[in-house]
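Chains as they are written, first to last, in the working numbering: chain S, 1 to 248; chain F, 1 to 314.
Derived from the structure by calculation, the hints contain no laboratory data. Any given hint could be a false lead.
What the hints assert, rightly or not - Some chain F residues flagged as far from chain S (calculated, every beta-carbon gap over 10 Å):
| id | residue |
| --- | --- |
| 1 | S64 |
| 2 | I80 |
| 3 | D157 |
| 4 | E164 |
| 5 | P189 |
Stated by the list, open to error - Below are the DSS-like pairs computed for lysine-lysine, each with C-alpha atoms no more than 30 Å apart in a straight line:
| id | chain 1 | residue 1 | chain 2 | residue 2 |
| --- | --- | --- | --- | --- |
| 6 | S | K246 | F | K220 |
| 7 | S | K219 | F | K2 |
| 8 | S | K210 | F | K75 |
Using N, Cα and C, we set each Cβ at its ideal position, and we do this for glycine too.
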Amino acid sequence: MKILVCAKRVVDANVKVRVKSDNSDVDIEHSKMSLNPFDENAIEEASRLKEAGIATEIIVVSIGSAKCADTLRTALARGCDRAILVETDMVLEPLSIAKILQQIVLRETPDLVLLGKQAIDDDANQVGQMLAGMLDYPQSTFISKIEVIGNVLLTTRELDNGTEVLELSMPAVLTADLYLNEPRFIKLPQLMLAKKKPLEHLMLSDMDIKLRSTTRLLKAFDGEVKKQCKFINTVPELFEVLQAKKVI
Amino acid sequence: MKILVITHKVTQNPESNLFNVFGAVKKLSGQCDVLVVGHNLGSIVDEIAKYKVVSKVLKLDDASLEHILVENIAKQISEIVGGYTHVLIAADSFGKNLLPRVAGILELGQISEVSAVISPNIYQKFIYAGNVLVEVEALDDIKLLTIRCTSFNEHLDLRDTQAEVEEIQYTNIISNKIKFVTINIDNKPVDLSNAKVVVTGGRSLGSKEAFDTNIRELAKCLNAGVGSTRAAVEAGYANNDAQVGQTGKIVAPLVYLAFGVSGAVQHIAGMKDSKTVIAINIDQNAPIFEYADYGLVGDLFEVIPQLLLRLQQF
Numbered sequence: 001m002k003i004l005v006c007a008k009r010v011v012d013a014n015v016k017v018r019v020k021s022d023n024s025d026v027d028i029e030h031s032k033m034s035l036n037p038f039d040e041n042a043i044e045e046a047s048r049l050k051e052a053g054i055a056t057e058i059i060v061v062s063i064g065s066a067k068c069a070d071t072l073r074t075a076l077a078r079g080c081d082r083a084i085l086v087e088t089d090m091v092l093e094p095l096s097i098a099k100i101l102q103q104i105v106l107r108e109t110p111d112l113v114l115l116g117k118q119a120i121d122d123d124a125n126q127v128g129q130m131l132a133g134m135l136d137y138p139q140s141t142f143i144s145k146i147e148v149i150g151n152v153l154l155t156t157r158e159l160d161n162g163t164e165v166l167e168l169s170m171p172a173v174l175t176a177d178l179y180l181n182e183p184r185f186i187k188l189p190q191l192m193l194a195k196k197k198p199l200e201h202l203m204l205s206d207m208d209i210k211l212r213s214t215t216r217l218l219k220a221f222d223g224e225v226k227k228q229c230k231f232i233n234t235v236p237e238l239f240e241v242l243q244a245k246k247v248i
Numbered sequence: 001m002k003i004l005v006i007t008h009k010v011t012q013n014p015e016s017n018l019f020n021v022f023g024a025v026k027k028l029s030g031q032c033d034v035l036v037v038g039h040n041l042g043s044i045v046d047e048i049a050k051y052k053v054v055s056k057v058l059k060l061d062d063a064s065l066e067h068i069l070v071e072n073i074a075k076q077i078s079e080i081v082g083g084y085t086h087v088l089i090a091a092d093s094f095g096k097n098l099l100p101r102v103a104g105i106l107e108l109g110q111i112s113e114v115s116a117v118i119s120p121n122i123y124q125k126f127i128y129a130g131n132v133l134v135e136v137e138a139l140d141d142i143k144l145l146t147i148r149c150t151s152f153n154e155h156l157d158l159r160d161t162q163a164e165v166e167e168i169q170y171t172n173i174i175s176n177k178i179k180f181v182t183i184n185i186d187n188k189p190v191d192l193s194n195a196k197v198v199v200t201g202g203r204s205l206g207s208k209e210a211f212d213t214n215i216r217e218l219a220k221c222l223n224a225g226v227g228s229t230r231a232a233v234e235a236g237y238a239n240n241d242a243q244v245g246q247t248g249k250i251v252a253p254l255v256y257l258a259f260g261v262s263g264a265v266q267h268i269a270g271m272k273d274s275k276t277v278i279a280i281n282i283d284q285n286a287p288i289f290e291y292a293d294y295g296l297v298g299d300l301f302e303v304i305p306q307l308l309l310r311l312q313q314f
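Bound-form chain S, shown alone (with noise of 0.2 Å):
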């Protein structure tokens, strides 16, 4: 079984993203960067499948700037074999990632596409959903379980109220929720090993892909809502609290 994940380098889930003085779009260009959590969750899976004896190879995939390769370095340290890295300076929509994608898959042909559920800046949640919607394979989104039985997966996907068991067969797409698993710590020796995992550089301005805009930002603005806190003291007080908003 051939997987194949993705890895966005994104600002690091701890910084504090503000927007820039004259609110046109998020100051990041200091900001420290790393592998979007929910990719490393299905990236972890994908190294679980392959040391199980299920998975045979792991491609790793990241589009952007060329400061990607470190992502991808991290990725193949986490257990990837090889890793694409398709290079570009634009800014790029989750339907232009996915149209990206759909040709890297035709190329690749993997049995198992498997992304994370969203990634935490545009915090979209659609890039899965819209290449498994391209390439017509069935997508079991938000999934906390995977088990591979012969030729078909069985996932369990968090809903709003419970969870939902599918089968799929293969080809398919699937997106991790971050209860997939608890992604290992990464030791020195393994990433000294990954620089020798091969990694390919394609120019998103070679491949044949028509991309365009189906949005344009505005503005941008400070979303944090700090508040006045009244401080209280005693559990009584609490209660006459409650009682004021009508709890009690």
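Got chain S; can you put chain F on it based on the hints?
For chain F alone, coordinates are given in the frame of chain S:
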């Protein structure tokens, strides 16, 4: 402008989320068609047809849609969508699973979790775990939008007579690539997403037993929904669907009670629209107090039992 709202059958009644989506419709043009997908839709279609915002109900009823798999409806929906300028769906686990697939089939863009409508083609939405609010213009002829339900709460008038109902024949091919196996619904006394009061516990509860005897018990007494931080879910104190935050549920109750919640930005993203936030934390420097209306610095293991005792005496 021609708006289509997509919904599905979960219970005998329309999803409460649908009424929030209607709120977004009112901010656009005020009228929409509603596509209802599922099986045995009779009563739910009649209920939806009562509302003034609804021009027409499109009923897509088929036995194979008893349990909906997107593979079995996305193609047909992508054909129906062609007749509209705006397609709206709640940003819940159904909408988030379906609409991007439709977008992929049609090669259209989608705007996720719209929180405000500025004009017919300009919307606001949060990115970076709610740290940043952006205003974006949708450039496609058909605008595909998932709606952040907590952001829209409009009064909905009823019609004098029922809206027209059009039966749509099911034409989608049933996929042989995917099969529904089972569904496990958590039966909670109060639905977290729509609860007027939410009681949330963090990792400092220390154990599932402590979570149950404190957070769940208090929630029960207050008829509140039970929320949890990601850390508490990962520690096994609560199920995944109780997680409030960037990657979990977005809630906006009238009162949000946070016990032992530190206030990571990812958690704040899921609850900051709550009307009143009350935080109880032993650490007076916990960031949660910056987002709270009322704060009590104290040990939740002392505060909750005292509160429960007072509630029993009340």
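Here's how the hints hold up against the structure:
Consistency note on S64 of chain F: stated as away from chain S, and its beta-carbon is indeed over 10 Å from all of that chain's, at 15 Å minimum. No Cβ of chain S approaches the Cβ of I80 of chain F within 10 Å, the least distance being about 15 Å, so the stated non-interface status holds. For D157 of chain F, the non-interface assignment is confirmed: its Cβ lies about 26 Å from the closest Cβ of chain S, beyond the 10 Å cut-off. Every CB of chain S lies more than 10 Å from the CB of E164 of chain F, the least distance being 30 Å, so the non-interface label holds.
Against the 10 Å criterion, P189 of chain F stays outside the reach of chain S, whose nearest CB is about 13 Å from its own CB. Between K246 of chain S and K220 of chain F the alpha-carbon distance is near 16 Å, which keeps this suggested pair within the 30 Å criterion. For the hint pairing K219 of chain S with K2 of chain F, the CA-to-CA distance comes to about 26 Å; that is within 30 Å, so the pair holds. For the suggested pair K210 of chain S and K75 of chain F, the alpha carbons sit about 22 Å apart, so the restraint of at most 30 Å is met.
Going through the hint list in order, the structure satisfies each hint without exception.
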